[in-house]
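Working from the sequences, and respecting the hints, build out all of it.
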Amino acid sequence: MDEARDRGAVAIDRDECKGCGLCVEACPPRVLRLSGELNHCGYHPAEYLGAGCTACGICYYVCPEPGGITVLRRQVA
Amino acid sequence: MASDTPAMAVVHGRSPIFYRRFDRKDDDQHQTHYCPGCGHGIVTKLLAEAIDTLGIQDRTILVSPVGCSVFGYEYLDVGNIQVAHGRGPAVATAVKRSRPDSIVVSYQGDGDLAAIGTAEIVHAANRGETVSVIFVNNAIYGMTGGQMAPTTLLGEKTTTTPRGRDPAVHGYPLKVCELLATLEAPVFLERVALGSNKQIMATGRALRRALENQVHGLGFSLVEVLSPCPTIWGLDPAEAQTFVRETMTRTFPLGNFRDRSASAVPQRLAVTVPDLGELPRILGLGPASGVDGASDTVAPASPVPTADHRIVVAGFGGQGVLLLGEFLAEAGLSAGYHVSWLPSYGPQMRSGTSNCHVRISAVPIDSPVVSRPNVLIALNEPALRKFLPSMEPGGLVLYNADSVPVDCAGSGAGITPIASTAIADRLGSAKVGNVVMLGALLEATGMLPDSALERALHRLVTRERWYELDRAALQAGRAAVRRMTAAPAEPSLAQDPAMG
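Residue numbers (our numbering), protein chains in the order written: chain A, 1 to 77; chain B, 1 to 500.
Just so you know, these hints were derived from the structure itself, not from any lab. Hints should not be assumed to be uniformly reliable.
[As the list claims (entries may be wrong)] Quick list of simulated restraints, FRET-style, between CB atoms:
#1 V10/B to L38/A: 23 to 33 Å
#2 L38/A to G13/B: 20 to 30 Å
#3 S344/B to D15/A: 57 to 67 Å
Small disclaimer: the values here were computed from a predicted structure and weren't measured. Ideal Cβ placement from N, Cα and C applies to all residues, glycine included.
Given below as structure tokens:
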């Protein structure tokens, strides 16, 4: 899948993320995973695979942190 | 990063309802205090979105409970009050009634709402208070470490039900929505859950409905949210979500239990609270309060600098014990003293024991409790016997009888018998016996000026008939003491038939 043609993208605040993994479970196109690295709190934060986001926003709603996840959508020209 | 792509725009991001930084300790100011996967984080976020969507940030007042969500005020940039355990609905009632235009949200957990606060939620719902309650139910006490809650599922193991909840011992899970649905007043009752994507989105809609109802003034709304507590349940966040979806919902079925949003009539409180500036006038304290106000502007009589009257008035309920104390305190205040009045009475309204402690002092009063009185007004014999031993030597005792019991007469205090009830009866009502005693006390001690007494009577006696009778009783009490000091022959005869 070509990132340039994706409908959306996900930005994750890796220091706000507590690595609960709910977004990974919830994501319909399965484009999130937990990072192998630790953040400053010692959690494995979620990360975006980099392609395939549909900007559905589900991950944003299941995330318990206020600003852990930001969902972006490609603007129609 | 995706955010570097210029053609992308944020569609879901941090709500402006959250503070930019959370006022928390150390370096955690960018995240909540909740555990990974906690349902509170999700509910708070959905609440923030509902507030934002409805454009009510400036008039929303969040009532935070005791429990994990106690720190609601650190996160949401709205009006905030943090309340005692379980009392959210009571405080929300007060906030809503005093600020009818505010949108009041009581956010509570199950330990808070369904245990210690059961009375508050039932009565707020039954009154149909126009508030929105968010009830986050995770079926356990989370913050305190996992004790059984009233909502704990049957068979569920907690620290206080190590063999699982047994209905024979611990009762059944309390179903709050079903309970409140038996009441007439609630407008909106719905149980939702955080067990799946779909359920989370439905939770967001229910929360918005609960707030929307309040915006329209429709009455009481409650949303119960079945919420995961991964830490205390000992499950990972995904397993906890599954537990909510597949296990909790069997005990707590999801659905709407009441929706009268369409038919409910907007409520508008008829009476709102007055402006603070009006309070003195309403309480009769301001310069515009007529006779009293006028007298208040007069400089008080110069108090005696050494005055320290420690008075106990005692008798049985119905004798005007407490009112006599109030007269004294009020008059003392008028005369420029520091005063205190401390009533104490049994559960019965009449014929139970009743007493009050009054202090009238030239200096600020440290304690309103009188443990060593220098004045005792005993309106019956049990009261005399009870308080006589505590009297300061040389103190004054006024006793409501013709004579002093022989075994009491030898005490250090001088006991003056004034048959106040009999004197009052002859004046027209035995009820003014307390005021006869007041007159006797003032005559015997001169502790307060007439003008101060006059003002106290004005303030406390509102009916003309009683006012006249009280004035006569005051004079009769004074006369009784004067006669005794003029002819102190035999105290037991201190009674004037001419008073009749």
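Status of each hint after checking the structure:
1. V10/B to L38/A: 23 to 33 Å: Since the Cβ atoms of V10/B and L38/A sit about 27 Å apart, the hinted range of 23 to 33 Å holds.
2. L38/A to G13/B: 20 to 30 Å: holds (25 Å)
3. S344/B to D15/A: 57 to 67 Å: 60 Å Cβ-Cβ, so the 57 to 67 Å window holds.
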